[in-house]
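*Asks:* The lines below spell out each chain.
Protein chains: 2
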Amino acid sequence: MDVVNLSEKFGRFNDYWSPKIAGEINDMYVKLVKLKGEFVWHHHEQEDELFLVVKGRLRMQLRSGDREVGPGEFIVVPRGTEHCPVALTDEVHVVLLEPKSTLNTGNVVNERTISELAHI
Amino acid sequence: MDVVNLSEKFGRFNDYWSPKIAGEINDMYVKLVKLKGEFVWHHHEQEDELFLVVKGRLRMQLRSGDREVGPGEFIVVPRGTEHCPVALTDEVHVVLLEPKSTLNTGNVVNERTISELAHI
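Going down the list, the sequences are from chains B and A. For the first sequence, the numbering used here assigns the number 199 to the last residue and increments by one with no breaks. For the second sequence, the numbering used here assigns the number 199 to the last residue and increments by one with no breaks.
No lab work stands behind these hints: they were computed from the structure. This list has only true hints and no planted wrong ones.
Where chains are identical, the list cannot tell them apart; a pair therefore holds if satisfied intra-copy or between any two copies.
SDA-like, lysine to any residue: derived pairs with alpha carbons at most 20 Å apart: (1) Lys-88 to Glu-147; (2) Lys-115 to Leu-141; (3) Lys-88 to Arg-146; (4) Lys-88 to Pro-150; (5) Lys-134 to Gly-151; (6) Lys-88 to Gly-151.
All values derive from a computational prediction rather than experimental measurement.
If we strip away everything but chain B, and leave its shape as in the complex, we get:
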């Protein structure tokens, strides 16, 4: 049973918008992801998605208005809710918590879709 140090894990990869699996709790994964720039608008049909910011500043764009999330803060985007994350700082480090079935681009499949995630 390993103790996972978030900072050490984030130091192990440099690619953006490519979540890595850092733990699992029943049917959920804990994923680590680095964000830069803007993602794509999408939603998840069945999955709620938690974004916990550990470094940098995230804007969660929503059709109902944007939310800003800083270090030590989280937001839960409920299933069915269109969203588009944007990194407000050069780089944002995010801990994601979401069902194992969650695809990063949700209902959209494009060149940013990653269906096989690495473990870290």
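Place chain A on chain B using the hints.
*Replies:* Chain A alone, transformed into the frame defined by chain B:
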């Protein structure tokens, strides 16, 4: 859709070993809890349990040997695994992530069992 600031939420309560619900993701709750001293040995039959330390230092006592968890670190205790958390510092602030069905004392029911959790 609220942005949850962990530090602000931890400032709202002062009781120990009494998890507060701060969010939900499908069938999981995010809970905040303050630890002081030692808890009780227990396990959860069906539920894995994630402990993310945000302040202080936690020792997770396990039959296989203890693990220490500091700020910015997490450990997942798998279902069926006996464990007993101990605060190594005066107070430890922990984000828990676990299925909604999880009882704080697991298979043990005693004076420290809390079956109705407050939302925060």
